[in-house]
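Given the coordinates of chain Y, work out where chain A should sit on it, guided by the hints.
2 protein chains.
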Amino acid sequence: MLLSHLRAISKATFTKPLSLSSSSMASTEETLRKTLADKLSAVELQGNTVRSLKASSAPKPDIDAAVQALNALKLEKTSIEKSLQSLLSASDSREAFRQSVVNTLERRLFYIPSFKIYRGVAGLYDYGPPGCAVKSNVLSFWRQHFVLEENMLEVDCPCVTPEIVLKASGHVEKFTDLMVKDEKTGTCYRADHLLKDYCNEKLQKDLTLSSDKAAELKHVLAMLDDFSSQELGAKIKEYGITAPETKNPLSDPYPFNLMFQTSIGPSGLASGFMRPETAQGIFVNFKDLYYYNGNKLPFAAAQIGQAFRNEISPRQGLLRVREFTLAEIEHFVDPEDKSHPKYAEVADLEFFMFPREEQMSGQSAKRLRLGEAVSKGIVNNETLGYFIGRVYLFLTHLGIDKDRLRFRQHLANEMAHYAADCWDAEIECSYGWIECVGIADRSAYDLRAHSEKSGVALVAHEKFSEPKEVEKLVITPIKKELGLAFKGNQKKVVEALEAMNEKEALDLKAALESKGEVEFEVCTLGKTVTINKNMVTVHKEIRKEHQRVFTPSVIEPSFGIGRIIYCLFEHAFYTRASKAGDEQLNVFRFPALVAPIKCTVFPLVQNQKYEEVAKLISKSLTAAGISHKIDITGTSIGKRYARTDELGVPFAVTVDSTTSVTIRERDSKDQVRVDVENAASVIREVSEGQRTWEDVWATFPHHSSTAADE
Amino acid sequence: MLLSHLRAISKATFTKPLSLSSSSMASTEETLRKTLADKLSAVELQGNTVRSLKASSAPKPDIDAAVQALNALKLEKTSIEKSLQSLLSASDSREAFRQSVVNTLERRLFYIPSFKIYRGVAGLYDYGPPGCAVKSNVLSFWRQHFVLEENMLEVDCPCVTPEIVLKASGHVEKFTDLMVKDEKTGTCYRADHLLKDYCNEKLQKDLTLSSDKAAELKHVLAMLDDFSSQELGAKIKEYGITAPETKNPLSDPYPFNLMFQTSIGPSGLASGFMRPETAQGIFVNFKDLYYYNGNKLPFAAAQIGQAFRNEISPRQGLLRVREFTLAEIEHFVDPEDKSHPKYAEVADLEFFMFPREEQMSGQSAKRLRLGEAVSKGIVNNETLGYFIGRVYLFLTHLGIDKDRLRFRQHLANEMAHYAADCWDAEIECSYGWIECVGIADRSAYDLRAHSEKSGVALVAHEKFSEPKEVEKLVITPIKKELGLAFKGNQKKVVEALEAMNEKEALDLKAALESKGEVEFEVCTLGKTVTINKNMVTVHKEIRKEHQRVFTPSVIEPSFGIGRIIYCLFEHAFYTRASKAGDEQLNVFRFPALVAPIKCTVFPLVQNQKYEEVAKLISKSLTAAGISHKIDITGTSIGKRYARTDELGVPFAVTVDSTTSVTIRERDSKDQVRVDVENAASVIREVSEGQRTWEDVWATFPHHSSTAADE
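Keeping their order, the protein sequence lines are chains Y and A.
Per my numbering, the first sequence starts with residue 880, numbered consecutively.
Per my numbering, the second sequence starts with residue 880, numbered consecutively.
It does not matter which identical chain is used: a pair holds within one copy or between any two.
Below, simulated EDC-like cross-link-like pairs (lysine to aspartate or glutamate); rule was C-alpha separation at most 16 Å, straight line:
hint: 1; residue 1: K1255; residue 2: E1229
hint: 2; residue 1: K1494; residue 2: E1029
hint: 3; residue 1: K1175; residue 2: D1510
hint: 4; residue 1: K1081; residue 2: E1095
hint: 5; residue 1: K995; residue 2: E1331
hint: 6; residue 1: K1097; residue 2: E908
hint: 7; residue 1: K1494; residue 2: E1028
hint: 8; residue 1: K1221; residue 2: E1028
It is worth saying that the hints were derived from the structure and are not from the lab.
So that you can see chain Y by itself, here it is in the shape it has in the complex:
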């Protein structure tokens, strides 16, 4: 039952068939498959005709006409095959795009496969200098946008976690993926991956697939996440799937826990795990944090930190890794009041939302005003809506394309039974729609689980301004009578009577009053007993209460920082022809907020005076905390611009005199001329967002680059 949450960040919905762009594609594909099947039968039929005409030695003109018709049919068939093939290989161009992004990222050390000189470890990556700077900028902005703006309580807990905590949260039992083993070599595979690969391969390569079979395979892909161990095993058997390398038979699927296990202390007896999420560190501290907040709700706690997931076979580069940075918020609210004071600030935002109903009825995501989605009850409550809006602002500020961002609501079967509502911010990239942020109303589940396991009450109090009179139903079993009637079973009967809810008790009371006795089921005895009116009294009592004690609900926005950054890389990447037109140059159009380096400073030619000016400007930039780089290599200015564009550096200062310099903007390639003494402050203002480039462009004289420049 915890599964949906536990998988929240791990299972991107790569396999969901109903995405923005793929639904129309799907219907074209179906038509083509059907036409192809028809054409194949027509070819077969016509082939038979030709053969029987030949066998019966029919007149040559008849045979020729039949052969011509056959050839025409074959041509049509080939043409349909080609259309189908090109439709199915749309993913090839996505892969080509990805390859050029990834090549640039690796060549410029945005990231590096970890421990490369030792041939690496699957699913582990380093951020090299520019990647590390982007990550640090994203996290700083996260702190500003969420922690500071919302006055959240940020905490920092260890990764090493004792077993008891993760038993309470359900991870020890349920944080698993299904695995199969090559029965001869013992090599491990993720069961759903093998099935998925089989289906995709069939769908993409097998043109003779009937449209019924294609529909079946697509259904399997859509259901993958929901398959039980038995269902997965059955499908693997049915399709005759074997181990990819050896073709050996595979074991039945069995669960593999994804946590890295270790032991704490020297005895080897205290089992621990590397945390799979940061949230638990906040839940176990609820009591202290509530106190710190002056015993007031609502409040939010936040944590940024490493999380670990021992993937069976990591794929998809930076999207599915064994160690990653999470940024999580736990916003605690009174379950009876989920309004949010700042809700109005986001209610007018409009963006792509993909409610449950649209998914079920095969429609696409649609642009919705957030306020409408909340008021219509599509989004469960204001606080959830508020965070959806804030996440939208966060992602688009970073540079995520708003047309490739949608908020998808969890289907009923994806959501844990206790969850009130759940939305994922999904970003489209070359791998499909990727879940990057999960925003869930998890009700009181987590606090209750830790209360039970630890015995420490994780609750909030609402003090009434004056005591309230509360009507309480009091059930009083008369133990003497019950003892006489049930002897050794008395205790269980008493417990069953006391455990009745209000409705049951009132029904019992009414029945006793009208009939004098009643049949009463005692689960723990596994049978029904007869209760008469001497055995129990049920009455209402007025009590004075001074406070309400309750377990708060928690609304949890959880950010996969590495996934956001990878999608950002793809959305920011483009190529443009060099001035000479002889090569394609790579550019990352990072906003200054995110750019790893805000500015490059270079002397136009190697010259001591220019270098001194460059150093002067560099010194002012350092003092202002603006990251930058001096490039004094003798390469042509065009090459140096290209180098800096490929790192996504938004501005370049070129020193071509000792009194003024040019400032170039990366995407427009526009240049202005600014006095040396003002250069650093212009760069600072435009990098920190106090000033736009348009404003700079309107203020300073324009500089037209010479042919030599680019």
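Positioned in the frame of chain Y, the structure of chain A alone reads:
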């Protein structure tokens, strides 16, 4: 041999006897112990005199006089005992101080024992909201002060590390502490801790300890870090030390590896560890980083991240933990040129340094000009000196008291054989002098180790502007002659000849030319053989070389962030009497740079108009990125100031009108009056260091607080 580095951050020098404050204490103690011993013999002697007088029925006046003398001696003895006791219990007052700091830190959630509701795990701590903010400020400043100012290449590598990397670095073999087990219960203890506790207990509680014995125990404490397993075991036996709880006998000490072990992937076959330091991630990426830096030296790479150490029995709160944040720099230089272009900027700094020689001769740390220490060769080279200076600036900017900060040079026995020089920034706190930053010139060791293990050359190239003629010594063994003379031993003789260094070869050549033959030692044969001039030629050859290929040296400043923060807490803490004089109020005098919250905003009384002004100011502060808190509780302003002082908040804005507000500085308690619209920008300037409080104080009208205020 790796031990010294591997222990670099783990082993604070708690036990070194020669600290600034303790050396004079030590001599007083010795005098007192000697005087006490003398006095005890005198008392015994006089007691005998009295007894013999009584036995011989001497005249009463004689007996009375003897008794009086005895009593006088006893009084003197008691007085000396008291002095010794109070000297030995100086640590009690340090502990009392620590207790009040720690109480405040825990009560205000600067930190929280992790998983407290599950009774915690030794050596794991959470940073609560103010602690987390302090940490984040310290790390931001670290990035600004080191990464940005020095243009370092920051990287971010995973914590999960495959075994081969840590085998190459030596951690798998040598990253151990010596452990003993209770032979009956199996409980584990750190062997050196037990011995240390025994010695300290004896020294502090046993007043009858002879000064020789005291000296011996102190010597043991000083040598603890250097004891072998056998030496530790022998001492434990000699002193009869048993298991603390059970008094059971203890096992012999044996090494326990301090890394948390896990396995990577589902097979259980790939062993991995949680990294014990971040440095290895940089070393394995050297080749890429060197390329990224345009194949130029010197350059520095930096990394901030979690590191793990499965301590046998963690003690000393935040100073000895199982998971901690490290910030490490690896500065790669040409071993033949360790100058630093910015060295002059730090050369005139003057601070406490504790060179090897002063430690060996029992002197104290002394104030030295850094430039002098480098020019006299006390500090090995300019780059090492530069980083010592930068670390000094970093720590003192954070608020570390410069009088409780010293740079201690490693003694020869503390340093790895390959290290050129090593200095620790040690900060004095209630636990003694704590190693918080290690600054080591590790020569080429780490890159060579990974080159060898991985087979990937981690080297730098210096291209000569024109080819250089290099004189090379060529040793040519004449195998035919050697074979005739030495038969089966020929190979070993050839190897020994080829392994000669330049001086040995030239000596051999000279001897052969003068005497015709020479006695030559072949280690691998364990004997000396006779070499004559037909058996080997030694001559010089001129070769043309186009570049120099070499393994760079690395200078490594490594920062234990948690330790720095804990020491900062102690240095910032003080108490002052409340205005009424009825209680002691706690204050942390954090610089604004470090303070968890820069400013509190409160309406003087609960009043809607004032609250609106407070919200307005809050909004401007948020926009400027200044962390702050609104406090609208109805408590007295004095109480609210006290609450904010205890969090180390440097400024408080009190709204007592709708046109102007007061701004109060924490330590002076001085207040100025500022217009509402200027309040936020004044707070921003004074928080970000563009303006000093002195300047604010000189600019705005002063506000004298009324009696009710504090």
